[in-house]
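> As they're listed, the protein sequences go chains Y and D. One gets the working numbering by counting positions in the first sequence from 1 and adding 255 to each. One gets the working numbering by counting positions in the second sequence from 1 and adding 255 to each.
Since the hints were derived computationally from the structure, they do not count as laboratory data. C-beta atoms are modelled at their ideal positions from N, C-alpha and C, and glycine is treated no differently. Among the hints, erroneous ones may be present.
What the hints assert, rightly or not - Which residues of chain D face chain Y? A few of them, derived with a C-beta cut under 7 Å, are: (1) C373; (2) H403; (3) R405; (4) A412.
2 protein chains.
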Amino acid sequence: MSVHKTITVNLGQRSYPIVIGRELLDGGFDLTSFVKGRDCLIVSNETVAPLYCKRLAPNLAGKTITSIELPDGEEHKTVATMQTILDRLVATGANRDTTVIALGGGVVGDIAGFAAACYMRGVAFIQIPTTLLAQVDSSVGGKTGVNHARGKNLIGAFHQPRAVVIDTDTLATLPDRELRAGLAEVIKHGAICELGFFEWIEQNIDALLAKDPAALAHAIQRSCEVKAGVVAEDEREAGRRAILNFGHTFGHAIEHSQGYGVWLHGEAVAAGMVMAAELSGIAASDVQRLCKLLQRTGLPTEPPTIAAEDWMRAMGLDKKVRQKQLRFVLLRSLGDAYFTAAYDEKRLGQIIGRKI
Amino acid sequence: MSVHKTITVNLGQRSYPIVIGRELLDGGFDLTSFVKGRDCLIVSNETVAPLYCKRLAPNLAGKTITSIELPDGEEHKTVATMQTILDRLVATGANRDTTVIALGGGVVGDIAGFAAACYMRGVAFIQIPTTLLAQVDSSVGGKTGVNHARGKNLIGAFHQPRAVVIDTDTLATLPDRELRAGLAEVIKHGAICELGFFEWIEQNIDALLAKDPAALAHAIQRSCEVKAGVVAEDEREAGRRAILNFGHTFGHAIEHSQGYGVWLHGEAVAAGMVMAAELSGIAASDVQRLCKLLQRTGLPTEPPTIAAEDWMRAMGLDKKVRQKQLRFVLLRSLGDAYFTAAYDEKRLGQIIGRKI
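Chain Y on its own, in the form it takes in the complex (with noise of 0.2 Å):
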């Protein structure tokens, strides 16, 4: 057996593990306890199945296992390509002991765990992260959903998974700008309530670049921790739970103005919490301390050439408003993040309107 950490998601019925290490594909951790009937639909897509996919059948010994592939990139995250989901269960006879594999990152995640939400009204469901940013983030907590043309995630569920797998031997065959882009998650939990783990990024950047092994599965370790301790606060997002998305108003406008994929989630995010920072008013050193771990990451620290009004229009379809009123995630001061309506109105213009 592999050497493995456990951290738990306290979420009293719906509590579930997030099982951290190397090897745990090819057998190297049992997945039969999790699977709450005899099938297992695997979800992944068309890059991540040839490399994973036939791997996984020792960790599901005994198990009937069928399969779908969906096709790659956040312009897939649709009902459609969720429907194929929908349509291969029906086909399958799939029923509600029925176990659906999230086999992929965050895209793959978020449409087989709305499929998984949807299917008869809900049926189990396993995340298997291959991505940085779905290990430190998507696959954790419970969210799942799909895009619709105007406005990101606006369609989905709260469906937590019965267990995420996390083996940090998928991210070898990671490209470079994906582990960057994974890189701003993490950076965003120390950024938001940990500025302990945010001195810590900034002492091991390089050896995350590098991707160290050790260096890696302590940063993941350490943001599944955040987050878990976050969510199981605030599952549904009443409150608290809003300050994990410190950076993604602005990054949501950044990524829905240039098109789903052209910028990466996370690239988005690292620019929009610059803005964040510069909109919460901290210090400039705070503000410069958190631009420079981001460049010497590899991630963008200014928005790309937006309009105001089209940053308007694009936040204005952003969840967190609330009675038309935008509100906002900001810093108390780094490693202190806080979610609310009251932001200097002034500077927010200033910040939105720098680049016109």
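Starting from the structure of chain Y, add chain D where the hints point.
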């Protein structure tokens, strides 16, 4: 103010009232306390909207109301129709504080509820059912969803409303055939766990068919009480709640085989209940008693001609199948149902084969 009765569905934080009375529309019952924010989207259909949509305005004083009309009919209970609601929500800039109000029969409630469950991962939802079937069954309990080409309600979510408002005056315009179909579910509630209520229906069936307001109000109230009690015990149908599906395994197969909408749901359930009663092996006099009441109600007690293999295939897709082992809701006696995989296979063969 109108006179009305209130039943509470006890689901902890998700508890909600079912309000039953006359003259509740036209301002007779203030809905504003159930509207989370300022904006409401009323979802109705082309038949119901002209009758009631504008009349709702006084119930929503001070709120911003938009509305959408769906095409009428079970054949439109699809993901595509649900998407038209999501598109409207996006187009109006709806946010997490928007409230979706379903005004219509079971199809409208199921689709609108599923859209409310999925939009931004769940917004508030109010049910205003205008058919007897929706008032006694589908509007209570939080089951929402749409049909798949290969099976009924295969795609959906559990999403509890914040309130169910039943104005019995809406039944004045209900066609007789739909009234009878709704009474099938009323009779079901007696048959599964309230012999005394079953007896009351036997004594009052003529008044119910004549749309006597007091009789209808009592039937609706007792039906909602039975359903609310079962749902409170087992919200997500892990066990006990399945008894509400008495007659539905056969009934869904009838609907599916004939094409949705040819048999009304209640008609299919009526014939399905007789088949399930026969499968139960209870006293022939009890089966006869059920048959007689359904016949007095003007409901079918025999299924259409369906080949045995088509029965099995249709039932194999039923959500109540676990481990590909068929389960049925059977009766120990009239007024006492249970959910089981232990049924008489030979008798099942006789029941589904008898028409070949």
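> Honestly, which of those hints from before does the structure not fit?
Hints that this structure does not satisfy do not exist here, as all of them hold.
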